[in-house]
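Take the sequence shown: its letter number 133 is residue 133 in the numbering used here, and every next letter is one higher.
It is possible that part of the hints are untrue.
30 Å max Cα-Cα, derived DSBU-like pairs, lysine-lysine [to be verified]: (1) K191 x K46; (2) K88 x K216; (3) K46 x K129; (4) K191 x K168; (5) K46 x K215; (6) K88 x K129; (7) K216 x K47; (8) K49 x K129; (9) K46 x K216; (10) K215 x K47; (11) K47 x K129; (12) K191 x K216; (13) K216 x K49; (14) K91 x K168; (15) K49 x K215; (16) K49 x K195; (17) K168 x K49; (18) K191 x K47; (19) K191 x K215; (20) K49 x K88; (21) K195 x K168; (22) K88 x K191; (23) K195 x K46; (24) K47 x K195; (25) K195 x K91; (26) K129 x K215; (27) K216 x K129; (28) K215 x K88; (29) K215 x K195.
I should point out that these hints are in silico values taken from the structure, not numbers from a laboratory.
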Amino acid sequence: MSHAEIVFIALQGLLLFYLGGTAVYLFVFSVLSLFSRKEPPPLDFKKRKFAILIPCYQEDEVIFEVAEQALLQEYPTDLFDVIVIADKFEKSTIQRLSELPIILFDENFAISTKTRALNHALRNLPDNKYDIAVILDGDNLMEPEFLAQLNDAFSFPYLAIQGHRMAKNLNTDFAILDAVSEEINNNIFRKAHRKIGLSSALIGSAMAFRYDFFKKLMSNIEVVGG
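Given only the sequences and the hints, what does the whole structure look like? Please build it.
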């Protein structure tokens with residue numbers, strides 16, 4: 001057997017191992033996601049204060065509904081603030097947003113990124129005011145009990161919690177495929193991971209962090225594209 005043949009067989013073996021391992025991983029966690037996990041009761045009944053951070057870029061069409069809906073949480077109104085970081089928005093949109101009881105940052109960043117928007121808000125919000133930071137995208141709508149559920153979950157010593165994100169519209173074939181993909185990811189990479197004590201994968205929105213941890217983490221991040 002020539003040297004080239006040995007190398008070729010070895011590469012085939014590595015490829016088979018990689019693909020086989022991936023298939024086994026997906027199969028095992030798909031099965032695990034079918035089993036329910038009993039959630040323990042909260043360890044305390046403390047009411048935490050939330051900063052709901054919504055960084056958004058030119059999302060004039062949807063942001064008002066998102067901000068308005070965020071105010072409708074079934075949670076004490078003095079224990080959460082809705083904070084919109086509006087980058088390059090129309091003046092009419094800013095005017096409408098300013099009429100809501102929210103904290104509004106009207107910005108025009110030279111380089112527009114989610115990281116830059118979040119860091120700008122974190123630098124300008126008061127220290128020691130919030131316990132938890134919630135990160136939403138400009139088109140995320142929260143269920144009314146979302147903050148109450150997060151409050152219970154943070155009675156445990158978690159640093160970060162990923163919410164269950166679901167598709168809002170199912171009116172096109174592409175939207176349905178996107179919703180199916182989202183649920184597959186929710187079940188395999190989040191729900192199933194938690195069944196055996198692993199961390200859930202983060203999506204990028206509908207996330208919550210302990211505020212001090214998040215602020216320290218973000219202070220070390222400065223990227224161009226995210």
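Hints, one by one, checked against the model:
{"no.": "1", "hint": "K191 x K46", "verdict": "holds (26 Å)"}
{"no.": "2", "hint": "K88 x K216", "verdict": "holds (27 Å)"}
{"no.": "3", "hint": "K46 x K129", "verdict": "holds (15 Å)"}
{"no.": "4", "hint": "K191 x K168", "verdict": "holds (20 Å)"}
{"no.": "5", "hint": "K46 x K215", "verdict": "holds (22 Å)"}
{"no.": "6", "hint": "K88 x K129", "verdict": "holds (28 Å)"}
{"no.": "7", "hint": "K216 x K47", "verdict": "holds (23 Å)"}
{"no.": "8", "hint": "K49 x K129", "verdict": "holds (8 Å)"}
{"no.": "9", "hint": "K46 x K216", "verdict": "holds (24 Å)"}
{"no.": "10", "hint": "K215 x K47", "verdict": "holds (20 Å)"}
{"no.": "11", "hint": "K47 x K129", "verdict": "holds (13 Å)"}
{"no.": "12", "hint": "K191 x K216", "verdict": "holds (27 Å)"}
{"no.": "13", "hint": "K216 x K49", "verdict": "holds (18 Å)"}
{"no.": "14", "hint": "K91 x K168", "verdict": "holds (27 Å)"}
{"no.": "15", "hint": "K49 x K215", "verdict": "holds (15 Å)"}
{"no.": "16", "hint": "K49 x K195", "verdict": "holds (28 Å)"}
{"no.": "17", "hint": "K168 x K49", "verdict": "holds (27 Å)"}
{"no.": "18", "hint": "K191 x K47", "verdict": "holds (26 Å)"}
{"no.": "19", "hint": "K191 x K215", "verdict": "holds (26 Å)"}
{"no.": "20", "hint": "K49 x K88", "verdict": "holds (29 Å)"}
{"no.": "21", "hint": "K195 x K168", "verdict": "holds (26 Å)"}
{"no.": "22", "hint": "K88 x K191", "verdict": "violated (37 Å)"}
{"no.": "23", "hint": "K195 x K46", "verdict": "holds (26 Å)"}
{"no.": "24", "hint": "K47 x K195", "verdict": "holds (27 Å)"}
{"no.": "25", "hint": "K195 x K91", "verdict": "violated (47 Å)"}
{"no.": "26", "hint": "K129 x K215", "verdict": "holds (12 Å)"}
{"no.": "27", "hint": "K216 x K129", "verdict": "holds (15 Å)"}
{"no.": "28", "hint": "K215 x K88", "verdict": "holds (24 Å)"}
{"no.": "29", "hint": "K215 x K195", "verdict": "holds (29 Å)"}
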